[in-house]
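Colleague: As they're listed, the protein sequences go chains S, G, L and Z. Position one of the first sequence corresponds to residue 384 (the working numbering), numbered consecutively onward. Position one of the second sequence corresponds to residue 384 (the working numbering), numbered consecutively onward. Position one of the third sequence corresponds to residue 384 (the working numbering), numbered consecutively onward. Position one of the fourth sequence corresponds to residue 384 (the working numbering), numbered consecutively onward.
Think of the hints as simulated: they come from the structure by calculation, not from any bench. Treat the hints with care, as some may be off.
Identical copies carry no separate label here, and so any pair may be met within one copy or between two of them.
For lysine-lysine, the following DSBU-like pairs were computed, each having C-alpha atoms within a straight-line distance of at most 35 Å [as the list claims (entries may be wrong)]:
id: 1; residue 1: LYS387; residue 2: LYS585
id: 2; residue 1: LYS602; residue 2: LYS585
id: 3; residue 1: LYS521; residue 2: LYS585
id: 4; residue 1: LYS520; residue 2: LYS501
id: 5; residue 1: LYS573; residue 2: LYS602
id: 6; residue 1: LYS591; residue 2: LYS474
id: 7; residue 1: LYS585; residue 2: LYS412
These numbers were taken from a predicted model, which means no experiment stands behind them.
There are 4 protein chains.
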Amino acid sequence: MTLKLGVIGTGAIGQEHIRRCNNVLQGAKVVAVSDINMEGARAALQRLNIEAEVYQDGHQVINSPEVDAVLVTSWDPTHEAFTLAAIAAGKPVFCEKPLALSAEGCRRIVDAEIRHGKRLVQVGFMRPYDAGYRALKKVITDGDIGEPLMLHCAHRNQSVGENYTTDMAITNTLIHELDVLRWLTEDDYKSVQVVFPRTTSKSHAALKDPQIVLFETQKGIRIDVEIFVNCAYGYDIQCEVVGEEGIARLPEPSAIQTRKNACLGIPLLTDWKDRFIDAYDVELQAFINDVKAGQLTGPSAWDGFAASVAADACLKAQNSGAIEPVSMPPRPDFYAR
Amino acid sequence: MTLKLGVIGTGAIGQEHIRRCNNVLQGAKVVAVSDINMEGARAALQRLNIEAEVYQDGHQVINSPEVDAVLVTSWDPTHEAFTLAAIAAGKPVFCEKPLALSAEGCRRIVDAEIRHGKRLVQVGFMRPYDAGYRALKKVITDGDIGEPLMLHCAHRNQSVGENYTTDMAITNTLIHELDVLRWLTEDDYKSVQVVFPRTTSKSHAALKDPQIVLFETQKGIRIDVEIFVNCAYGYDIQCEVVGEEGIARLPEPSAIQTRKNACLGIPLLTDWKDRFIDAYDVELQAFINDVKAGQLTGPSAWDGFAASVAADACLKAQNSGAIEPVSMPPRPDFYAR
Amino acid sequence: MTLKLGVIGTGAIGQEHIRRCNNVLQGAKVVAVSDINMEGARAALQRLNIEAEVYQDGHQVINSPEVDAVLVTSWDPTHEAFTLAAIAAGKPVFCEKPLALSAEGCRRIVDAEIRHGKRLVQVGFMRPYDAGYRALKKVITDGDIGEPLMLHCAHRNQSVGENYTTDMAITNTLIHELDVLRWLTEDDYKSVQVVFPRTTSKSHAALKDPQIVLFETQKGIRIDVEIFVNCAYGYDIQCEVVGEEGIARLPEPSAIQTRKNACLGIPLLTDWKDRFIDAYDVELQAFINDVKAGQLTGPSAWDGFAASVAADACLKAQNSGAIEPVSMPPRPDFYAR
Amino acid sequence: MTLKLGVIGTGAIGQEHIRRCNNVLQGAKVVAVSDINMEGARAALQRLNIEAEVYQDGHQVINSPEVDAVLVTSWDPTHEAFTLAAIAAGKPVFCEKPLALSAEGCRRIVDAEIRHGKRLVQVGFMRPYDAGYRALKKVITDGDIGEPLMLHCAHRNQSVGENYTTDMAITNTLIHELDVLRWLTEDDYKSVQVVFPRTTSKSHAALKDPQIVLFETQKGIRIDVEIFVNCAYGYDIQCEVVGEEGIARLPEPSAIQTRKNACLGIPLLTDWKDRFIDAYDVELQAFINDVKAGQLTGPSAWDGFAASVAADACLKAQNSGAIEPVSMPPRPDFYAR
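Chain S with its partners taken away, still in its complex shape (with noise of 0.2 Å):
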C-alpha cells in the first residue's frame, strides 16, 4: 500500500522532502501541495516531475480524503495550526522543527495528541536518525562506558549573516542538540546556564558568538555545548561522552585522507545541508513505515515540547547571567520511552 502524503508549503524545505518521499524513499507518494505562492508551487512539482494537487491552504491538504499523512514544512508560525488540524483530523503528521513557536503551542499540540488517544506526531528532529548519533547511542546503551557522567558538545557553523541573533543560537542553532542529548541521555535537563567567551572579531553587533551551553541533567549529567556560529573553519558537529568506563566520541562525516601540500588530513564539511543528509532521508522512511504500522516510534509532540521548555530557558539564562531551572512537568505515560 502506497502512503498517500500532502505537503504544506513547498519551499526549499518543502521541495527536498517531496524529491525524497516520491523519488528516494519506499511506499509512499505525494499526492497534493499547497503553498500561499501556488505558482511557485505548481513550478516546483514540474522541475521534480511531479504530478500533485495543488492547493493554497494547508488545510485543504489536511482535509483532503486523497491524503493519508501531513508533512509540514510551512512558515514557522503556521506549525502550530496545521498540526493540530491534522491531529483533528486523525491524520498523522511529521511536522518540522519548530513544532510550535512557544513552549504553550507545543503544550496544546501535546494535549490534542493525548485527548486524540494515539500518536499522531513526528517532529524532525533528523539527528536521532543519522548513522553517527545511532552508533554513539548503541554504544552507550551496551553498556560499552558506563554510565554517562558528561558530555562535551560544540555545534559551529562556518558564518552567519547579519539577520542571525545572540537568541537565534538557541532557537535555530542549539534546539537540534536541546532534541539528541535528551534521546542521546534518556534523561531531561534540569537547570542550564550559558557563559559569553570574547565575541570573535567575526560577528556583528547584534551577535554574541561563540556562546557555551552548561546543562545539569535529572540524573546529574553535566553537559557543555559550544555554540560558534562564526568559526570560519567549517561546519562540525562534535558529541563526546564520558563514562565511569570510558568515553565515545562521534564520528567526523567520512572523508578521503590526503597527504598533500605538507599537509595529512581530511576536508571538513562547509555547508550545513551536507552534514545530516541522510538522516532525512532514514526519518521520513521511519515515519513512513510507522504510519503504515500503525504505531509512530520517532521524535515525539512530547520532545517537541521538552525542546522547546530547555529553549525558553536558555534564553532565560542568557539574559540572566544565572543557572536557571528547566521545568518539565511529569511525562505523561502516553509518551513512555
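Take the given structure of chain S and dock chains G, L and Z to it, following the hints.
Modeller: What follows is chains G, L and Z alone, placed relative to chain S:
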C-alpha cells in the same frame, strides 16, 4: 512505472537482493523467482513476505512475459547460460560475479551483447558504488593528487575454512580489486606477478596465505595488492593512491572512537558482509534506474571479461613465479568509457 | 663550568632529579644532598652511583660554599622556608611545586625575590617544557588559529586511592593546568566556577569525582577543565584551543598504531609519570643553562603565586557553587612577560 | 671520565656532531678536529664556541694521544681509510654512512675489526635510535602482532636536484631502510627486485622516480619499499609490519592537529633533517656510553657490510629488471646478534 524483476537463484545472495528490491529500493518489484529447490524458494518468499511466481528453471523466469529484467544469483557455473539467455530474450540482466567461469565464457557474453546492439548486462561488482571508493575516484579525477603513479592495496579477511585454496585468493577475493582498480585508474592491466611471503601458521596445507599480487598497467601505474585471508584481526580493505602531487586513501568504515582500557581506537569490521552493505543497495538501484532510463552505465560485460582475463593471468603467475602478460584485446567502441 | 647542585629531599622526585642532573643533563653535577632520613639519602646515592655530601638539614645544603644552586624536592610544607633561605643566600633555586602551601607563602617568596633584585626562583611546573604544549603555543603565537576564544581541557587519571579528597583535584591535579593555561594564553584568570557531575561509582565518600572547573580570563577567554581522577581507562591530558580562525589540539603521546583483535588503535598511557617524562629533563636543563647564562626564564615565583591564588579561588568555588573572583594584584615589572 | 673525541671532517654533518657532543650529550667533549679546509674548521669551532686542536689530516686526529675515540664525518670516499686507521690505532670509531664505497671496502673493515679482536666500529645508521622505530620493534619482539610476514614501507622526499640520479635512490636514500629493516626483522635479505612505475613529470632525464624495491628475506618475509624522491608533498617515512596476529605501524611525527580552512589535519615535515633529529643525539650518546662501558652495541661494521651488499644487489636489479640474489656470507660469531 514499476520495473518487474525476475530473480534466478534464491540462496543467500538472491534472498538479499529480493529483500532489497522489494523493501528498500524504489521503482521495482520482484514478480518471479526460480531455484532448483522450489520449496526453499517458497519458504524464502514467505519469510520475506513477498508474493511472486516460483519456477524451478531460471529460463522460465527469463521467458516470462511478466518479467522486465533479470537478476542472476544462481550457482556460479550457471551464470553464463542464464546471461546469454537473457540477452537472447532482449532483457536487461544483472549478473552476480562471476559473469562466467572463464574468460572465454565472458567473451561469449560480450559478443552476444554486441550482436544484440545495446547494453543489457550489468555485472555485480559493487565496489564502484561504495561511497568511499567513489570519493576516492573523485579526488583522482578532480586532479587533487595529480596523475596516479602507484596504488598500494590490501584485501584482508579474518579467516577462511579448509575449502579455501590458493587459487581462490584470485578468483573469489582479488576479483573485486581486479574490477575496481581498473575503474579507479581508468586503465587496463599490462602484466602481473605474484609473490608469496612465508605462509601464516593459521593457514592450511592447500592455501598459501598471504600473497602479494603486483600489477603494471598500460599507463605504467604499478599496483600492489596484499591478499591475506587469515589475517586474524578483522575484515579490512585498504587502497592508497600515490599521485604526482600527493596521496589519497580509502576511508576506514565509519565507527565510534572510544577511549577504554588504555586504548584509543575504533572497532574494525570482522564480517565481509558488513563492508559494502550499502553498495549493494546503490548498485541495484542504479541498475533499476538505468533500465528504466534505457541506458545501462554500471560494470559491463566487458568489465567482467577484463576481470576474468586478469584473473587468469594472476593464476598463471601464482604458478610460474614469473611476470605474466595480461592480454586484453582492444576495447570495442560499444564499451567506450 | 659545571654547575654544582644541592638537592634538598631525596624521596622519589629528588632521586629522579639527582639521576637526571648527573647522568642525563649537561653542565651540572650534584655535590650535596639532604634528607631527614640520612640513611635513605646515602642508600639512594649509592644506587645512583653518585658521590655527594650528605646532610640532614636542607639549610646545610643551601649554605654550603660548594653549592651553586639548589633543588627543593622535600616535603611540601618545607618548600617555602628552603626557597626563602636560598634567596637569602643569593642562590638560584628550582623549587618543586607547590612553591608554598598558601598564596601568602608564595607572596613572601615573590617579595623576597624582588628585594633581592634578580630572579632566583624557578618553579617545577614542567608542562611549558613539554614538546606538545610548546608546539601548541607556537601555533597560537604564530597566529595560525587567530585569537583564542575558548579552551577545552581535561586531566584524567586512571584511579586514585582513599587518601585523595575533593580538594586535591585542585591542589594536586589541576595545579598544572592552572600554570600551563596562563602560559598558553599569556593571560590571567578573572573568575572561576566549579560544577559537579554525578559522581562516578568508582570514587569514594570523601571524593566528588569528576569535577568541571570553568574559568573566565582577563581577556575574556572561557576555559573548561574536566578533572576526572578515577576515569578507569588511562592517564589522559587533553587541551584544545578554539580561536577565531580555527582550532588546535595538543597531540596524543606518540604510540604505535596497531590493527589487532578487530580494533584499530593506539595505546594510551596509564602511569602519570610517563606523560611528561621528557619535560622534566628539559625543564632542569633549562634551569641549569639559565643559571649559567645568568638569567632565569622559566616558571617564576610570580607564576607559582598566580597558580596558588587561582587554586584558592577554585577551592572556594568548589564549596560555594558560585562564580568566584580570582583576585591577582598587578604583575610587577620585575616579572614582565 | 670525559671521553675525548676527535672529529674528522667539519662539514655540515661534522659540525652538527661537534655541537651535539659538546653542548647536548653527556660525558664527552671534542678535543681535536680535522678538515682539508682548516680555515673552515677553525671558523666552525669559533661559531660553536668550542676549543679544540685543528689538523688538516684526519690521520693526525686518529693518532693524537689526546683522542680517545673518533667520529668520521668526512667526504664519503675517505671513510674506509680513516676507519681502518682508527682500528689500527685501536680506537673506537663512529663512521657516518657509508662505511665504505663498496661492499669489498666494508669487508676489509670487518676483517680488520675481527683481527683486532674487539668491536670498535659503530656505523651512523640512526633509525634504530628513533623512538618510533624502537617502539615498533618492541611491539614485534613482544609478540603483539605475531610473526612478521610482510613489511610495507615508503621513503618519500619532496624534491631532489638535477644531480640526483636513479642509482642514488639506492645508495643515498634506500640505504637507511636497508639497515633498519634488517634490524627490525632480525633477518637478512635473500633477494631483491626493482620495478619502475611511470616516472613523475617532476623528475628529470637521469632519474627514474618513483621506484619500488621488493625484497624477500631469509625467513621468507616480503618487504616492499616505495622510494619517491620528488613526491611534492613532503618528507615522509612509512613502515607497516603485517604479522600473523595483526599490523603495527610507525607513528607519524608528533604534530599539532588543527581544524582550519575546511581541513582537519596535521602538518607533515618537508625537511629530511627534521625527521630523525633526536635519533642523532641518541645514537651518539649511545656510542659515547658504550665506549665508556667498553662494549659497542650499535650498528656494526657487519651491518654496514650487509647494507652495502644489499645495495649492490639493488643496483643490479635496477638495471636487470630481474630478481637478484643478495649473497651474504654467514654472520661471524664476532657479530652475533
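Colleague: Each hint: holds or not?
Modeller: Hints, verified against the model:
Taking the shortest Cα distances, LYS387 and LYS585 never come within 35 Å of each other, neither inside one copy (47 Å) nor across copies (54 Å). Only between protomers do LYS602 and LYS585 lie at most 35 Å apart by alpha-carbon distance; the minimum there is 17 Å, versus 38 Å within a single protomer. For a Cα distance limit of 35 Å, the shortest separation of LYS521 from LYS585 across copies, 23 Å, qualifies, whereas the shortest one inside one copy, 38 Å, does not. Only within a single protomer do LYS520 and LYS501 lie at most 35 Å apart by alpha-carbon distance; the minimum there is 27 Å, versus 49 Å between protomers.
Taking identical chains as interchangeable, the C-alpha atoms of LYS573 and LYS602 lie at most 35 Å apart whether they share a chain (9 Å) or sit on different chains (31 Å). Taking CA atoms no more than 35 Å apart as the test, LYS591 paired with LYS474 passes in neither setting, with 42 Å inside one copy and 51 Å between copies. In this assembly of identical chains, the alpha carbons of LYS585 and LYS412 never lie at most 35 Å apart, being 44 Å within a copy and 54 Å across copies at closest.
When the structure is compared with the earlier hints, violations turn up for hints 1, 6, 7 and for no others.
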